[in-house]
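Asks: Sequence:
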Amino acid sequence: MSFPSISPWPATLVDPEFTGFEIEGDVGCHHGLYAARKVSYDGTNIGRRFLACGEEEDRHDDCGFIQWVDPEWPPILKRAIIQLRDEISDQRHELDLEKEEYDYKKRVLDIDAALVQRERNSLNKGRDSLTAAELAMKEALAGCVLARDAAVSKTEATAMYLRCTIALSSVLAILLAYVAAVS
1 MSFPSISPWP ATLVDPEFTG FEIEGDVGCH HGLYAARKVS YDGTNIGRRF
51 LACGEEEDRH DDCGFIQWVD PEWPPILKRA IIQLRDEISD QRHELDLEKE
101 EYDYKKRVLD IDAALVQRER NSLNKGRDSL TAAELAMKEA LAGCVLARDA
151 AVSKTEATAM YLRCTIALSS VLAILLAYVA AVS
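Using the UniProt record's numbering, you'd call the opening residue of the sequence shown number 1 and step up by one each time.
Just so you know, the hints here were simulated from the structure itself, not pulled from any lab data.
It should be emphasised that the depicted structure is a prediction, and the values quoted were computed from it without experimental measurement.
You can take every hint at face value.
Below 25 Å or equal to it, Euclidean Cα-Cα: the simulated SDA-like pairs (lysine to any residue) are:
| hint | residue 1 | residue 2 |
| --- | --- | --- |
| 1 | Lys138 | Arg163 |
| 2 | Lys105 | Leu95 |
| 3 | Lys125 | Asp112 |
| 4 | Lys78 | Glu17 |
| 5 | Lys125 | Tyr178 |
| 6 | Lys78 | Ser89 |
| 7 | Lys99 | Asp86 |
| 8 | Lys138 | Arg127 |
| 9 | Lys138 | Ala173 |
| 10 | Lys138 | Leu175 |
| 11 | Lys78 | Asp42 |
| 12 | Lys125 | Ala167 |
| 13 | Lys138 | Thr155 |
| 14 | Lys106 | Asp96 |
| 15 | Lys105 | Glu119 |
| 16 | Lys106 | Glu119 |
| 17 | Lys78 | Arg48 |
| 18 | Lys138 | Asn124 |
| 19 | Lys125 | Ile111 |
| 20 | Lys125 | Ala177 |
| 21 | Lys78 | Phe18 |
| 22 | Lys78 | Val39 |
| 23 | Lys99 | Asp112 |
| 24 | Lys106 | Arg92 |
| 25 | Lys125 | Lys138 |
| 26 | Lys138 | Ile174 |
| 27 | Lys78 | Thr12 |
| 28 | Lys106 | Gln91 |
All chains, full assembly: derive it from the sequences and hints.
Replies: See the structure below:
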C-alpha cells in the first residue's frame, strides 16, 4: 500500500538517548511498522520527542504518522525559543556581513600585494640596468685612462677619446631610461 506524504516530519536532531524504534506498547505507523523515535529541531517544538512513520526517510513513502511523546511547551518557553532563534539568525546575518567585508578587504590586500610585487620587480630590473650602466661606465673610464696613458699619437688618442665619449653616451642613455622607468 502506498501513502502520499501527508505531513512532513519536522526537522530532527540526533539524540542518542531517544533513537531507533518504539517497540514497546501499541504504537505503530499506518504502514504497520514500528514508529521511529525522533527529536524535533523545528520551530517552537525544538527538543520535543515524537514518534513518526517507521518507513525509511529516503523512500518518500511517509504515511504522515506523528505522535508527540513530550507535551507541548508552555507559551512563555515558546516565545523564548522564538526570541533565541531570531537572535541566532541576526548573529548569523551579522557574521555573513563581516565575512563579506573580510573577503573584500582580503581581495584589496591581495591586489595591493600584487602591485607591490610588480613595483619591486620593476625596481629590480632598474637596479640591474643601473648596475650594467655602472659597469659600462667603469670600463669606459678605464679605457679612456689606458688610451690617454698609452696614446702613441694624437690621432690614436682622439679616436680613443671618441670611443670613450660614445661609451659614456650609452651609459647616460641607460641611466635616463632607468630614471624614466622609475618615475
